[in-house]
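Student: Chain by chain, the residues run as shown.
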Amino acid sequence: MAKRIEASNVSSYYGSFKAIDNVSMTVEPKTITALIGPSGCGKSTFLRSINRMHEVLPNARIEGRLTIDDQNIYDADVDITAVRRMIGMVFQRPNPFPTMSIYENAVAGLKLNGVKKRSVLDDAAEKSLRSANLWDEVKDRLDRPGAGLSGGQQQRLCIARTIAVEPQVVLMDEPCSALDPISTLAIEDLMFKLKDSFTIIIVTHNMQQAARVSDKTGFFSIDKTGDPGRLIEYDYTQKIFSNPSQKKTEDYITGRFG
Amino acid sequence: MSVLDREMPGVAMTPDNIRRRNLPLGTNLLIVVAALVVSAVVVLGAGIGNWLLVVVLASVIYLVGLNVVASRVEGKRAARNRMWQTLIYAACVLAVLPLASVVWTLISKGASRLDGDFFGSSMANIGARDPNGGAYHAIIGTLEQVGIAALIAVPLGVLGAVYLVEYGRGRFANTVRFFVDVMTGIPSIVAGLFILSFWVLVVSKWFNDGNPEYSGFAASLALSVLMLPTIVRSTEEMLRLVPGPLREGSYALGVPQWKTILKVVLPTAAPGIVTGVMLAIARAAGETAPVLLVAGGLARINFDPFSGGQASLALYVYQQAGDASKYAPARAWTAALTLVALVLILTIAAKLLARRNKLTR
Amino acid sequence: MGDYPFRSENATAGDLGVTSRHAQGAGYGVPPSRYEEPPIGGGGALPKKSRFSMETGFRGVSTAAGTMVLVIIVAIAIFLISQAIPAIKADSENFLTYNRWSPNEAVPAFGIAVLALGTLLSSIIALLVAVPIALAIALFLTHYAPRRLATPLGFVIDLLAAVPSVVFGLWGRDLLQEPVRDFSVWLNHYFGWLPIFGGEGPFGQSIMLGGLVLSIMVLPIVTSLSREVFQQTPGMNEEAALALGATKWEMIRVAVLPYGKPGVIAAVMLGLGRALGETIALALTLGITWEISFNLIQTGGNSIAANIANSFNEANDTGRGALIASGLVLFAITLIVNMTARAIIYRRREFRDSAA
Numbered sequence: 001m002a003k004r005i006e007a008s009n010v011s012s013y014y015g016s017f018k019a020i021d022n023v024s025m026t027v028e029p030k031t032i033t034a035l036i037g038p039s040g041c042g043k044s045t046f047l048r049s050i051n052r053m054h055e056v057l058p059n060a061r062i063e064g065r066l067t068i069d070d071q072n073i074y075d076a077d078v079d080i081t082a083v084r085r086m087i088g089m090v091f092q093r094p095n096p097f098p099t100m101s102i103y104e105n106a107v108a109g110l111k112l113n114g115v116k117k118r119s120v121l122d123d124a125a126e127k128s129l130r131s132a133n134l135w136d137e138v139k140d141r142l143d144r145p146g147a148g149l150s151g152g153q154q155q156r157l158c159i160a161r162t163i164a165v166e167p168q169v170v171l172m173d174e175p176c177s178a179l180d181p182i183s184t185l186a187i188e189d190l191m192f193k194l195k196d197s198f199t200i201i202i203v204t205h206n207m208q209q210a211a212r213v214s215d216k217t218g219f220f221s222i223d224k225t226g227d228p229g230r231l232i233e234y235d236y237t238q239k240i241f242s243n244p245s246q247k248k249t250e251d252y253i254t255g256r257f258g
Numbered sequence: 001m002s003v004l005d006r007e008m009p010g011v012a013m014t015p016d017n018i019r020r021r022n023l024p025l026g027t028n029l030l031i032v033v034a035a036l037v038v039s040a041v042v043v044l045g046a047g048i049g050n051w052l053l054v055v056v057l058a059s060v061i062y063l064v065g066l067n068v069v070a071s072r073v074e075g076k077r078a079a080r081n082r083m084w085q086t087l088i089y090a091a092c093v094l095a096v097l098p099l100a101s102v103v104w105t106l107i108s109k110g111a112s113r114l115d116g117d118f119f120g121s122s123m124a125n126i127g128a129r130d131p132n133g134g135a136y137h138a139i140i141g142t143l144e145q146v147g148i149a150a151l152i153a154v155p156l157g158v159l160g161a162v163y164l165v166e167y168g169r170g171r172f173a174n175t176v177r178f179f180v181d182v183m184t185g186i187p188s189i190v191a192g193l194f195i196l197s198f199w200v201l202v203v204s205k206w207f208n209d210g211n212p213e214y215s216g217f218a219a220s221l222a223l224s225v226l227m228l229p230t231i232v233r234s235t236e237e238m239l240r241l242v243p244g245p246l247r248e249g250s251y252a253l254g255v256p257q258w259k260t261i262l263k264v265v266l267p268t269a270a271p272g273i274v275t276g277v278m279l280a281i282a283r284a285a286g287e288t289a290p291v292l293l294v295a296g297g298l299a300r301i302n303f304d305p306f307s308g309g310q311a312s313l314a315l316y317v318y319q320q321a322g323d324a325s326k327y328a329p330a331r332a333w334t335a336a337l338t339l340v341a342l343v344l345i346l347t348i349a350a351k352l353l354a355r356r357n358k359l360t361r
Numbered sequence: 001m002g003d004y005p006f007r008s009e010n011a012t013a014g015d016l017g018v019t020s021r022h023a024q025g026a027g028y029g030v031p032p033s034r035y036e037e038p039p040i041g042g043g044g045a046l047p048k049k050s051r052f053s054m055e056t057g058f059r060g061v062s063t064a065a066g067t068m069v070l071v072i073i074v075a076i077a078i079f080l081i082s083q084a085i086p087a088i089k090a091d092s093e094n095f096l097t098y099n100r101w102s103p104n105e106a107v108p109a110f111g112i113a114v115l116a117l118g119t120l121l122s123s124i125i126a127l128l129v130a131v132p133i134a135l136a137i138a139l140f141l142t143h144y145a146p147r148r149l150a151t152p153l154g155f156v157i158d159l160l161a162a163v164p165s166v167v168f169g170l171w172g173r174d175l176l177q178e179p180v181r182d183f184s185v186w187l188n189h190y191f192g193w194l195p196i197f198g199g200e201g202p203f204g205q206s207i208m209l210g211g212l213v214l215s216i217m218v219l220p221i222v223t224s225l226s227r228e229v230f231q232q233t234p235g236m237n238e239e240a241a242l243a244l245g246a247t248k249w250e251m252i253r254v255a256v257l258p259y260g261k262p263g264v265i266a267a268v269m270l271g272l273g274r275a276l277g278e279t280i281a282l283a284l285t286l287g288i289t290w291e292i293s294f295n296l297i298q299t300g301g302n303s304i305a306a307n308i309a310n311s312f313n314e315a316n317d318t319g320r321g322a323l324i325a326s327g328l329v330l331f332a333i334t335l336i337v338n339m340t341a342r343a344i345i346y347r348r349r350e351f352r353d354s355a356a
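Residue numbers (UniProt numbering), protein chains in the order written: chain C, 1 to 258; chain V, 1 to 361; chain A, 1 to 356.
Bound conformation, chain C alone:
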């Protein structure tokens, strides 16, 4: 159920400000793709464009084509909620619903979609929490508030919540930036495991992380503040980190920039 994503000439705007310019890339199914680059280079904006979360902000819009298995998700007659269900998202800061229990958080997406049968929900909760490597830690306290977990556990709960609805693509927007190294490691392990079933795109500030987890890496950059972000180079991770073809990429990788 993993999908191929194809962006062609995607530009995103916030009002009149152009955040990214003319990005084209293809993401193969069941791979992990990392997007790296300095702050403000538009990598998060691009990520949010993939599941149309970009347009949640007022005046945000997009140009270009973004297709999932040859369907343009920006066609006029596309149901945004369907797109977002198909393309799940994990955010920078863990954001479990504060008023819900761990269990309710895990099955929130299914409940939204109208699943009411207790047995189905129970199974789905266990399955997703297991997939998120969280089950053993929380199985005795499923009815406790999700906000009571540690940061790393909360983030894994959010991943469980995302994969419970079985999307085809999982987007991760710097999922480890608010976590300690141990929790980060747990999430990275999880990503390898999820790769078997999902296409994963991850935005990260951490170049080691990109090098560790991803199959392919895209490097975004801006010339100067106020300019739109561009995709400078997109290639196999090994190639990007050992022998980049662009000077800018090399500068960034070796720490001479940003």
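Derived list of chain A stretches under chain V, where covered just means 3 residues or more per stretch with a C-beta under 8 Å from a C-beta of chain V:
| hint | region |
| --- | --- |
| 1 | 70 to 79 |
| 2 | 160 to 168 |
| 3 | 246 to 257 |
| 4 | 267 to 280 |
| 5 | 303 to 309 |
I should point out that these hints are in silico values taken from the structure, not numbers from a laboratory. Computed from a prediction, not measured in an experiment: that's the story for all the values here. Backbone N, C-alpha and C fix where the C-beta goes; we use that ideal spot for every residue, glycine too.
Following the hints, position chains V and A against chain C.
Tutor: This is chains V and A only, laid out in the frame that chain C set:
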């Protein structure tokens, strides 16, 4: 096969149904017309009501119909989304209606006595058959009472806020803060009764040969009780917005805390404090009940707030509303218009001032 | 409007350890300086702190001003009680359960049963009508309306809160009474079998009219508080719901409403406090009867506050005491309602600050 595909074949997104099936606008309008027709036939046919019921029933039918049709075309979730959105928009329209009615009535009925006589004379010697008579005495009363109330409440309120922000720590300060909030909810009539039983029935006897005396000042006291919590609260919020570094800069120069508060903190927060004070004054100017209980409501002009009783604009509206004279309603509405104008000008000015305030932006 | 009231409740701005200790230390705990006169030319001791400084004075004055609030609330209770006791002693009937109000007779007989019931009924109607609409407007302002519309509409709602109650009362009596009478006749005709809509008339100046006018006055309070609460919903929770494929309404139901629930409850209670204490609007719109009745549409009804305004002018000493006694009941009720509401808000604020 995923859980959702199995459980919810309708909603699970297979590659072919990320397409939205939109309810066409034409269908929507068709439901409106159908609802109106059905409702009109039912209501007028059975003779159970007039056009108002037709509209009300039509809206109900429309909502139900829309939900049913949209459920079929767009799916249940989209239909529910649409229904709630319609309800929320409808509620907003519904809320604007009475407001529009109040404004329209105020202007249309209130304009009839907007003349020099109204603003230049009192109700002294005005009988039931006299079409003239004015609110001069009431305007004087309102201005004096609110002015004195502000003189009492503003220093107290600002100092109280200074205490809460700059000095107050621990449980006592928290208690004070809590009761400031609680006090904003005290009914105005209770404030009136308090001043009645404290000032009019007890203290004023000492100044008036043992007889209780109604006065504009008593009204001021009651109004200041009502203004105090509002002023404390808004000032407190403003003082908290004053940036810490500003204070630190002053402390670093060796300026003591009290001087820092008076010379740096309060002036910085001043525009915001003024906004809060104006809002409190506007609220106090509109209060009727406390004035009714303690000011006496004199019909003639009395400039002395300390003895002999006074009227106020709000009280004047209430008195004229209860008056049997056929000329009284016109006076009541004109006074109401004057009062609303006064209150709204204060409020709007306060809000505009707040908008220009650098701290709150 | 800043969306978050300034975060810290206790600490912050002026709270610089050094200076507060400085301020506190006046008068005690300052060891006597060994140098009585600092030598000229620097290098000596710091100047001694004076015992009675402006600092102490200013601090004392502002503390006194802060304490004033507590003093006033206690004073309200004391003075109302002191004036109410003689009247209640003179009452020949049970003050809480008797349903007439004749305190000015030679044998005073009065009770607040009718008044309390009317106060309660009109407030309930006001809340039933106002709360759903207020919540809808708050949601509209925070989640549906484009900014260009939300700002002026929010402004208008705030202005609505500023309109004096006597104006709404006048409007209710002169304008709303007729439609309400027609509506009441209609209700009576078709639903007269329900006790609340029964009776033979006349209709119009009824609890329903009073309640509807009250609802307009409660509306801005509930709206502005709920709006504040809804605005505070963490954006990341809303995004989480949307990213799961929620529609806008589902996002509101999953993220906004549960998060705002305590705040909304508090807003409703503050609205209730306002409705219970409203005087003039009810004094102008209620028909005044002294029957214990749940009928909503017949001319009649009365409330504690309205009765104070209506009966005050004819009251003698006992009458005034009786009115003050009823006001004392009102004070106690609104105090409880308001304290509960504020306690909820405070708990919620602590919760939010600790979560953030």
